[in-house]
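*Asks:* Sequence:
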Amino acid sequence: MDFYEVIKTRRSVRSYKPDPVSEEVLMRVLDAARIAPSGSNRQPWKFIIVRDEALKRKIAQHCSHQYFIAEAPIVIVACGRNIHYNRGGYMGDLSMLVDVSIAFTHLILAARAEGLGTCWIGAFDNEKLKKLLEIPDDVNIVAITPLGYPAKEKAFTPYTSRKKLDEIICYEKYC
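Take the position in the sequence shown, starting the count at 1, then add 6; the result is the number in this note's numbering.
Hints are supplied without guarantee of correctness; some may be wrong.
Simulated DEER-style distance windows between Cβ atoms [as the list claims (entries may be wrong)]:
| # | residue 1 | residue 2 | range |
| --- | --- | --- | --- |
| 1 | 92 | 137 | 24 to 34 Å |
| 2 | 181 | 29 | 30 to 40 Å |
| 3 | 10 | 46 | 24 to 34 Å |
| 4 | 59 | 158 | 17 to 27 Å |
| 5 | 138 | 178 | 43 to 53 Å |
| 6 | 138 | 100 | 13 to 23 Å |
| 7 | 179 | 31 | 36 to 46 Å |
| 8 | 128 | 63 | 37 to 47 Å |
| 9 | 173 | 108 | 22 to 32 Å |
| 10 | 163 | 74 | 15 to 25 Å |
| 11 | 48 | 138 | 25 to 35 Å |
| 12 | 70 | 100 | 14 to 24 Å |
| 13 | 29 | 158 | 24 to 34 Å |
Don't read these hints as lab results, they were simulated from the structure. Heads up, the beta-carbon is just placed ideally off N, CA and C, and yes, glycines get one too.
Could you put the whole structure together from the sequences, leaning on the hints where they help?
*Replies:* So, in structure tokens, the structure goes:
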């Protein structure tokens, strides 16, 4: 699939078929996250792959009760280790958010290229999920996504409600 088609048609999918995702496809998607760039090549990420039905439901409960998350055959929890790096001179200890977000974006775009749906989940209870998934104290969850084949036939339609380029770019200085 053409890269620009992938980014034009990537959508947040909130309804999934129960069809399993093959291990081969899953590994290609995860490998896309693995090779993502990170500051000083620190790679401060870990991805928890969840297939257990009861555990997926508990995760969904701690994601503001968004139970569609548990419909997908897989839930991926992206975690980041505090790297104590003050990126930009102001980000401090949580600069790993940038690196993990880059890797997570690689993951969701690779998923789209494979015909898989994702939905970037940012509404979650970090502390409850850390306890549930036995995540160490110096690691935090950055994002969560269900991963599976969309239930809707036309899940991957281009966006129509995006700002025009001249609204988001400036030349030589902030405008």
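*Asks:* Indicate whether the distance between the beta carbons of residue 181 and residue 29 respects the range 30 to 40 Å.
*Replies:* violated (48 Å)
*Asks:* Quick one: are residue 138 and residue 178 within 43 to 53 Å, going by C-beta?
*Replies:* The hinted range 43 to 53 Å holds for residue 138 and residue 178, with Cβ atoms some 49 Å apart.
*Asks:* Could you say whether the range 22 to 32 Å given as a hint is met by the Cβ separation of residue 173 and residue 108?
*Replies:* At 24 Å between Cβs, range holds.
*Asks:* So the hint says 13 to 23 Å: do the beta-carbon atoms of residue 138 and residue 100 match that?
*Replies:* holds (22 Å)
*Asks:* Verify the CB-CB distance for residue 163 and residue 74 against the hinted window 15 to 25 Å.
*Replies:* holds (18 Å)
*Asks:* So the hint says 37 to 47 Å: do the beta-carbon atoms of residue 128 and residue 63 match that?
*Replies:* violated (19 Å)
*Asks:* Do the Cβ positions of residue 59 and residue 158 conform to the proposed distance bound of 17 to 27 Å?
*Replies:* holds (22 Å)
*Asks:* Would you say the C-beta atoms of residue 29 and residue 158 sit inside 24 to 34 Å of each other?
*Replies:* Holds - the Cβ-Cβ distance for residue 29 and residue 158, about 25 Å, lies within 24 to 34 Å.
*Asks:* Could one say that the CB atoms of residue 179 and residue 31 fall in the range 36 to 46 Å?
*Replies:* holds (45 Å)
*Asks:* For the range 25 to 35 Å, tell me whether the beta carbons of residue 48 and residue 138 fit it or not.
*Replies:* Since residue 48 and residue 138 have Cβ atoms about 26 Å apart, the given range 25 to 35 Å holds.
*Asks:* Please check whether residue 10 and residue 46 have a Cβ separation lying inside 24 to 34 Å.
*Replies:* Holds: the Cβ-Cβ distance is about 30 Å, inside 24 to 34 Å.
*Asks:* Does 14 to 24 Å hold as the CB distance between residue 70 and residue 100, or does it fail?
*Replies:* holds (21 Å)
Going down the numbered hints, you'll see the structure goes against 2 and 8, while the others check out.
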